[in-house]
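Sequence lines, in order, name chains A and B.
For the first sequence, position 23 matches number 23 in the numbering used here, and the numbering has no gaps at all.
Remember, the numbering used here sits 1000 above the position in the second sequence when you count from 1.
It is possible that some hints are incorrect.
[Claimed, not checked] Example chain B residues on the side facing chain A (calculated, C-beta under 8 Å, incomplete):
| hint | residue |
| --- | --- |
| 1 | 1054 |
| 2 | 1060 |
| 3 | 1061 |
| 4 | 1064 |
| 5 | 1074 |
| 6 | 1088 |
| 7 | 1096 |
| 8 | 1105 |
| 9 | 1195 |
| 10 | 1196 |
| 11 | 1239 |
| 12 | 1243 |
| 13 | 1247 |
| 14 | 1249 |
None of these hints come from the bench; they were simulated from the model.
We put the CB at the ideal spot given by N, CA and C, even for glycine.
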Amino acid sequence: MSFQESFARAQSSLQAQPWRLYASQVSVLVRNEVRRNLFTRRRIWVYLLALIPVIFISIHYILDKSRGGDQIETDTLVLAGIVQLYYFRLGIFFACMGIFTWLFRGEMVERTLHYQFLVPVRKEVLVLGKFLAGAIISIALFESAVFACFCLTYSRLGSAGRSYVFDGPGLAQLGSYLLATALACLGYGAVFLALSLLFRNPIIPGVMLMGWEAIAPIFPSWAQRLSVIFYLKHLCPVSLPVDGPLAIFTIVAEPVSPFLAVFGLLCLTVAILLLSCFLIHRLEITYTAE
Amino acid sequence: MTPDARQIVFDNVSKFYGEVLGVNKVSFSLEPGITSLVGPNGSGKTTLMNLLTGLIKPSQGAIYVLGLTTRQPVEFFRQVGYCTQFDSFPPGTNGYDFIYWPLRLHGFGHDQAAKLSNEAFERAGMAQVAQRKVAGYSKGMRQRIRLAQAIAHHPSVLVLDEPLNGLDPMARSESIALFQAIAKQGMHVIISSHILEEVDRISDRVVLMSSGYVVAEGQIREVRREVRDHPMQILVRCSNAAKLASAAFELDHVVEAKILSDGQSVLVRTRDAEQFYLLLNQVVSGGLVEVDAVAPADDDVNSIYQYLIGSDGGPA
């Protein structure tokens, strides 16, 4: 079969797909998953992961009375540290592990996944719907948390803070943090979704992934591109002055433009989602093995 | 085997869980009507149903349902409804949502999905409890709501794994009437059940399974005829049991002719039922005896089960 024939066949196959049905199914799946997973006691620890820095900054807001303009530089670095070292490497990482691995593996544990497999929904649509639901939950939670951290950090500095935000680089930094936070949720989410389809217990591979994300900077640049944090670092507006061994968490070995960083992370996310679409076809309902 | 648009076809299907056998080299095809899967625990009934609906994949072989496979899920699951044995539900769900949301995934709009949901609740006799949390349902209600979900989209193939478990006699009778009504519409109803009397009463055909193998399949009487190791038992009520017994004894294929305690009945065990019925015709037409009733005594699922599988494993 020639390339043209293959192309024409693929094109007609794509045109024959019921895309409107798929779209409505994704919408139903997202609504159901968000309803079931966002406001639930099972997710309290995820809320805590998101809110811990907000709580600390709030306490700092109340107790620390030094609110001069010279505080801006220090607080900006503290905020950068919170976002880059806590949220990107711990908070979002573990929250995504909890949220995204539960999407399929949790339903296996609860013995309810068969209901999703017995409806006229393509497995790829199921993966996409669940991934989007997980993304909405994690992004809503962590964007809110980062936004709250930002507001608390600069609002306590009074007019100097307002001036930094509205007349200085503040708003651009906020935009970068929110963008990077959303991308972190997408990237880690896709990885953990795939891990949950690959492994019965994704905790150990998750810990290994955490190690990989930490040591990736010492590897060649092509290998670094296989880590989520590689792209996030390039979107962070403030560099952290960290010396010694801990510099491995902040150093940017090979600068990449923000556009390429966003594009690269989205490509990585799509590639991992495609892998998940392949993996879900191997998944069988054998609850006794769980 | 080639897929037929009316049949369910298992073509040399095997399933292994590692080194453990699920089912082995299963080949048969089913016409519309009620088919019962019968066999002891671990014989492979649920495995066969899970294979049929794509919850697990065959290690070898192929399965076609009305010419479709689970690789075409949109078309396939519009035709198939499966009421599993898993007694678990999404946490916090209420009865109505449990039926309504899967219907939305079928592509039905809100109004149509709501109408079908209400209809399914009515058919399952659960309209009063639709808005209650499933966690508060009794075992029988949970069984019925799973059944309601399986039939809500009007499938052409209904697969039911132990659907009568946990039901009270009234609900059991209503469910059986529902299965029979569905089968009468030319649809497939595949049931696994350990209640052999009910299987016998409602089934058009049976598939007997043991240790992962299909031991026999077909219409109950055909299967019984194939079991040649056990002579068929025929009960005859007549005016002169002794005469009939002595006439029967003259036939080579008659193994035993026992006059029962009422003195008017003979239980005949024969290796050739057709020949015995011919004899009976001759005896009646010759005026030797008057026959009140003739009935096969062991062409039911229970007897076939005993003969082919025995009672070692106990019924599933």
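Results for each hint:
no.: 1; hint: 1054; result: holds (7 Å)
no.: 2; hint: 1060; result: violated (15 Å)
no.: 3; hint: 1061; result: violated (16 Å)
no.: 4; hint: 1064; result: violated (17 Å)
no.: 5; hint: 1074; result: holds (4 Å)
no.: 6; hint: 1088; result: holds (4 Å)
no.: 7; hint: 1096; result: violated (14 Å)
no.: 8; hint: 1105; result: holds (4 Å)
no.: 9; hint: 1195; result: violated (24 Å)
no.: 10; hint: 1196; result: violated (26 Å)
no.: 11; hint: 1239; result: violated (59 Å)
no.: 12; hint: 1243; result: violated (60 Å)
no.: 13; hint: 1247; result: violated (58 Å)
no.: 14; hint: 1249; result: violated (55 Å)
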